[in-house]
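Got chain R sorted already, so can you dock chain G onto it with the hints?
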Amino acid sequence: MHVLAIVIVLALASVGCGRQAVRASEKQFLADQVMTFDDDPHDTAATDHVRSNREGAAGGRGAGGGGCGCN
Amino acid sequence: MRLQLTPLVLAALVAGAAADDRAEVSTTVFAEKRDGGKGGLVVIHPQALLGVDLGRFVSLDVAYAADAVSGATQAIFQADAISMATTFDDVRQQGTVGLGFRGKRSRVTFSGTFGFERDYLARSVGGDAAIDLPGRNTTVALAYQHGFDQVCDKDNGMLSPLEAKALVGDDDCDHGKIFYGTNTPGTTVWRDLSIDTAQATLTQNLSPTMNMQIALYGQVLEGFQSNPYRRVRIGTNAPQEHIPDTRARWSVSAHLKRFLPPLKAAAHIEARFYDDTWGVLGGNVELGWAQYFGKNLLVRFYGRIYQQQEATFFKDAFFYETESTAGEYFTGDRELSPVRDITLGAKLTIITVGEDRPVWGLFDKLQLNLRGDLMFLDVLPASGAADNPVGVEKQFIYGNSLIDSVGLTLGLLGNY
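These protein sequence lines are chains R and G, in that order. Under the working numbering, the first residue of the first sequence carries the number 1, and numbering increases by one thereafter. Under the working numbering, the first residue of the second sequence carries the number 1001, and numbering increases by one thereafter.
Bear in mind the hints are in silico, worked out from the structure with no lab data behind them. Computed from a predicted model, the values in this text were never measured in an experiment. Worth double-checking, as some hints may not be accurate.
The calculated lysine-lysine pairs, modelled on DSS-like cross-linking and capped at a C-alpha distance of 27 Å, are [as the list claims (entries may be wrong)]: (1) G/Lys1165 <-> G/Lys1347; (2) G/Lys1365 <-> G/Lys1347; (3) R/Lys27 <-> G/Lys1154; (4) G/Lys1104 <-> R/Lys27; (5) G/Lys1347 <-> G/Lys1264; (6) G/Lys1394 <-> G/Lys1033; (7) G/Lys1295 <-> G/Lys1347; (8) G/Lys1104 <-> G/Lys1365; (9) R/Lys27 <-> G/Lys1295; (10) G/Lys1154 <-> G/Lys1165; (11) G/Lys1033 <-> G/Lys1347; (12) G/Lys1295 <-> G/Lys1264; (13) R/Lys27 <-> G/Lys1394; (14) G/Lys1154 <-> G/Lys1177; (15) G/Lys1177 <-> R/Lys27.
Covered by chain R, according to a simulated footprint, are these stretches of chain G (three or more residues, beta-carbon under 8 Å) [claimed, not checked]: (16) 1085–1098; (17) 1203–1209; (18) 1259–1269; (19) 1304–1313; (20) 1405–1414.
The beta-carbon is built from N, C-alpha and C at its ideal position, and this holds for glycine as well.
Pulled out of the complex, with its shape left as it was, chain R reads as follows:
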């Protein structure tokens, strides 16, 4: 199970690395707030707070830094 999870992650990561670069002029949609990972940390914090009292699993939200390089 652990090996399978790692294989899936590496496969997804390799898909990303193999893509042609997105130019700055093409980032209009990537800059939209719905394409930002964790665009509302307040909301995420409240949701995680509720779930942490119902579920034994934790983490996996990411460490932030999910920008699109649009600046």
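Just chain G now, kept in the frame of chain R:
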């Protein structure tokens, strides 16, 4: 202890602060149904954050969150839990300060958190860093946090776990020194809990309309992790629950988003796998859709399913009552039970952009958020029906109705 606002959540909130000056307030109301005429459990969770830029490269964020909880909770983990429910009220408060430094392609944030309630002190420090790799289509972020918490517990002296008494609401938990708890010999002792958390995140633009994120998470907890109030019926006795002092956990998640320009909408899918040294193995999948209606209205819909298997030492209440403990340990923590839950929700965002003049005379952009969640919980048996003739329906006091809980959040976010 019943509440345990996660310091990491607040720290992440601060670390994720945008470059703009911003102010945000929100309140979440969460209500969970209780069976047997015990009413419900209601949690009111207000949050506030203020972020300001100190020049071009430095930012300061201050966040506050609280929990006000009231309702019925379970006094003893047993086959018929409803008869043993009790009511309580509690308040927890927590504050975080973060100092951020950013360059053209990178940022570093340091944060500190302090939270307190009657029976729990949370203290943590941490930092995170993120950098856009050349091409600015790949972002790598790392974060680490160390928490050194204290939990108030009953002073059980040299009693064995099967003889240990649970903490009760009248016991004095002295934290008169604010940052450190002080033991009250013969009544209460403060026990340490250290929490080390590390995260790594890779975000990748895949095309002009698609991006993805992979996140790795690891955490080691060392110290007192039981709920000091919770008792477990073992035979004719009901000692305080007893669980291991060490827990190591990790998870990995993958998140994919796709923007659909003709529809002015975006779709996302997220999957997560979780594992820990207590034997809890879990995972969830979430699907979502975000739809713009004009420039000012954004509606998001999402559905999520989660399932986990129980910790190796978790047994149904009937087992503990009739067969004794599962080795050294025994617990009535529902977070360690086998469970499946489904969440269906929607979030409505009204966006107002100040074009000619600031919104309300202050904000460049103002967003009003309203979110509602319905949660469906399905408790699963930890052992076969042959070993548990009473069933698991009564061992926790929350409902057997279709909808187990409801969450509502109202928030206001302003960038200025």
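A quick look at each hint next to the structure:
no., hint, in the structure
1, G/Lys1165 <-> G/Lys1347, "violated, 45 Å"
2, G/Lys1365 <-> G/Lys1347, "holds, 18 Å"
3, R/Lys27 <-> G/Lys1154, "violated, 57 Å"
4, G/Lys1104 <-> R/Lys27, "holds, 17 Å"
5, G/Lys1347 <-> G/Lys1264, "holds, 16 Å"
6, G/Lys1394 <-> G/Lys1033, "holds, 14 Å"
7, G/Lys1295 <-> G/Lys1347, "holds, 16 Å"
8, G/Lys1104 <-> G/Lys1365, "holds, 23 Å"
9, R/Lys27 <-> G/Lys1295, "holds, 18 Å"
10, G/Lys1154 <-> G/Lys1165, "holds, 7 Å"
11, G/Lys1033 <-> G/Lys1347, "holds, 22 Å"
12, G/Lys1295 <-> G/Lys1264, "holds, 10 Å"
13, R/Lys27 <-> G/Lys1394, "violated, 54 Å"
14, G/Lys1154 <-> G/Lys1177, "holds, 19 Å"
15, G/Lys1177 <-> R/Lys27, "violated, 52 Å"
16, 1085–1098, "violated (count 0)"
17, 1203–1209, "holds (count 7)"
18, 1259–1269, "holds (count 3)"
19, 1304–1313, "holds (count 3)"
20, 1405–1414, "holds (count 4)"
When the structure is compared with the earlier hints, violations turn up for hints 1, 3, 13, 15, 16 and for no others.
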